[in-house]
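Asks: Chains as they are written, first to last, in our numbering: chain H, 1 to 332; chain S, 333 to 664.
Simulated from the structure, these hints should not be mistaken for laboratory data. Treat the hints with care, as some may be off.
What the hints assert, rightly or not - Capping the alpha-carbon separation at 25 Å, the derived lysine to aspartate or glutamate pairs in DMTMM-like fashion look like this:
{"#": "1", "chain 1": "H", "residue 1": "LYS279", "chain 2": "S", "residue 2": "ASP496"}
{"#": "2", "chain 1": "S", "residue 1": "LYS590", "chain 2": "H", "residue 2": "ASP204"}
{"#": "3", "chain 1": "H", "residue 1": "LYS279", "chain 2": "S", "residue 2": "ASP532"}
{"#": "4", "chain 1": "S", "residue 1": "LYS381", "chain 2": "S", "residue 2": "ASP364"}
{"#": "5", "chain 1": "S", "residue 1": "LYS558", "chain 2": "H", "residue 2": "ASP204"}
Number of protein chains: 2
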Amino acid sequence: MSEFNVAVVGATGAVGREMVKILEERGFPIKDLVLLASKRSAGETIFYKKKELTVHELNDKSFEDIDIALFSAGSAVSRKYIPIVAKNNTIVIDNSSAFRMNSHVPLIVPEVNSHDIKKHNGIIANPNCSTIQMVVALKPILDEVGINRIIVSTYQSVSGTGKDAINELTEQSSQILNNKKPTRKVYPHQIAFNILPHIDVFEDNGFTKEEMKLIHETKKIFGNNKIKITATAARVPVFYGHSESVYIETQKYISINKLKNIYLKTKGIKLVDDIDNSKYPLAIMSETYDEVMVGRLRKDLTEPNGINMWIVANNLRKGAALNAVQIAELLV
Amino acid sequence: MSEFNVAVVGATGAVGREMVKILEERGFPIKDLVLLASKRSAGETIFYKKKELTVHELNDKSFEDIDIALFSAGSAVSRKYIPIVAKNNTIVIDNSSAFRMNSHVPLIVPEVNSHDIKKHNGIIANPNCSTIQMVVALKPILDEVGINRIIVSTYQSVSGTGKDAINELTEQSSQILNNKKPTRKVYPHQIAFNILPHIDVFEDNGFTKEEMKLIHETKKIFGNNKIKITATAARVPVFYGHSESVYIETQKYISINKLKNIYLKTKGIKLVDDIDNSKYPLAIMSETYDEVMVGRLRKDLTEPNGINMWIVANNLRKGAALNAVQIAELLV
Chain H
1 MSEFNVAVVG ATGAVGREMV KILEERGFPI KDLVLLASKR SAGETIFYKK
51 KELTVHELND KSFEDIDIAL FSAGSAVSRK YIPIVAKNNT IVIDNSSAFR
101 MNSHVPLIVP EVNSHDIKKH NGIIANPNCS TIQMVVALKP ILDEVGINRI
151 IVSTYQSVSG TGKDAINELT EQSSQILNNK KPTRKVYPHQ IAFNILPHID
201 VFEDNGFTKE EMKLIHETKK IFGNNKIKIT ATAARVPVFY GHSESVYIET
251 QKYISINKLK NIYLKTKGIK LVDDIDNSKY PLAIMSETYD EVMVGRLRKD
301 LTEPNGINMW IVANNLRKGA ALNAVQIAEL LV
Chain S
333 MSEFNVAVVG ATGAVGREMV KILEERGFPI KDLVLLASKR SAGETIFYKK
383 KELTVHELND KSFEDIDIAL FSAGSAVSRK YIPIVAKNNT IVIDNSSAFR
433 MNSHVPLIVP EVNSHDIKKH NGIIANPNCS TIQMVVALKP ILDEVGINRI
483 IVSTYQSVSG TGKDAINELT EQSSQILNNK KPTRKVYPHQ IAFNILPHID
533 VFEDNGFTKE EMKLIHETKK IFGNNKIKIT ATAARVPVFY GHSESVYIET
583 QKYISINKLK NIYLKTKGIK LVDDIDNSKY PLAIMSETYD EVMVGRLRKD
633 LTEPNGINMW IVANNLRKGA ALNAVQIAEL LV
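When you get a sec, could you build the whole thing from the sequences and use the hints?
Replies: Here is the structure:
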């Protein structure tokens, strides 16, 4: 089995650090691992297989010998470097939203649409965190009975915003518990002990970009433009793990029991649905499990084909870094 | 104008204390205010109009001269005392769920169905907190264009559970920030920095009682059994203020602009919907405003009659104590 030169761009960020960890955990066949970041973070060190690797400043020549580059440094960095990088023999897996909706760029969740990877021209996009967990949970239903519509409300943790947001939640929580006025840097409003119905920028139609990502990316990954999707995305004072309240209407009827049996057999999904013992997916459980957790499964009381569910996953791992590494695994 | 002898049952609880405050704030015409609670809390004192009133132990004779009794001491206490109390000339306004779905007991939100109060036989029920804010926000739409269906996901604060839950969120948050293992008493799982898709007990259909309250109470208050309602209720690490992500389908089309104009004129509603300036309803704003706050109004992109919205209110005040006092005001 051959080994590859791999670069992680944005290695010092919340997702970048997870990428390095996951490459090690999963024994990805790496010859050289090159860690890249902005000038500000260059010089920091990160452990990989017990070796301390120095993070280098990203520049035009960073990718000369790189086979696979995992980008997680924001859309601006992706837009600047990826078109250059992908012209060489480097294959880029991009965690930003820069190329996700580009028709020449496959948007991949390995459990859902790994076949689409063949279409790549050097760039493969990693979907948004809130999309990944939802499509993993809904794919078995799509395959079994079809899905006509999805109405989702999210409860997204601050780690989705990054390290500064994790610090902001910590600091504000501590300030409020000590009767001090909370200070703000990252979010437009206090996030500690509060809910913000606002993730990413607002678009002209009144939806946020985060909500539109859920809508557009889901359709692209499912290869189905007919599914009706409505989304409301909210930021909650949770460190890790995104939760989603999802209502769907299927094309054909499926019983909850049958659905549970399907989930029990589906790789990548952990069914956590034992309400008699107060067991259901929890954001804090996502620090333990890499699977997308599904629970609170119940039939709607008015629509025979309506199903309610609660979906939770680790937004830094399955929602970002793990999915990116799984895409890389499809390549090798 | 005559004055009334008023009793508050459960006066030392989170809602009971708000009731006393609101009776004072709104200048309710009170001759004598009698504060009642369990043996455990008897002897505590609460300020009313700068006088320190002693809380007495609730017993069968507590209501002999009482004109209006506000109950907020849980369903068991309501079930035990209210049938006795209501046989006298005392009118009971009950904040528990004990009598809400009783067909002889009106379930009142003054802005929505004050006319139903005439049907009372000594007992008037105060709806659940998550129901009150939703029906206040939806009533103007119901009146203008009709509503066919409602799909709601809630983000409910811990004060809805009571004082012990407020303490639990405080303690667990502090423990976690100090790298200690969080201790639990009130909730089945850690609530700090976590989301629990579980409020009240589970019913046989897989929904929680809280979710079923939203469904049944909304239909009763609207006097409309045909509205299709689906609900998912989640507890979030917020002290005060319930948030709700609500999707509705109206019978007839209404534009967002028209809806905003209606809300601007509707008493009891505060429109907070200026996304260009990051203004939308926030849980922490409910500590300042008594109105039900509505924002993030936007048309669904697939259903011409679909509307998404974000609804926030103070669960202890409009969601409980204030609504109860407003019912009392209808009586006098």
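Asks: Taking the hints in turn, state whether each one holds.
Replies: Now for the hints, and whether the structure bears them out:
1. H/LYS279 x S/ASP496: With Cα atoms ~22 Å apart, H/LYS279 and S/ASP496 stay inside 25 Å; holds.
2. S/LYS590 x H/ASP204: 18 Å, holds
3. H/LYS279 x S/ASP532: 14 Å, holds
4. S/LYS381 x S/ASP364: 12 Å, holds
5. S/LYS558 x H/ASP204: Roughly 34 Å between the alpha carbons, so the hint for S/LYS558 and H/ASP204 is violated.
The structure shown violates just one earlier hint, number 5.
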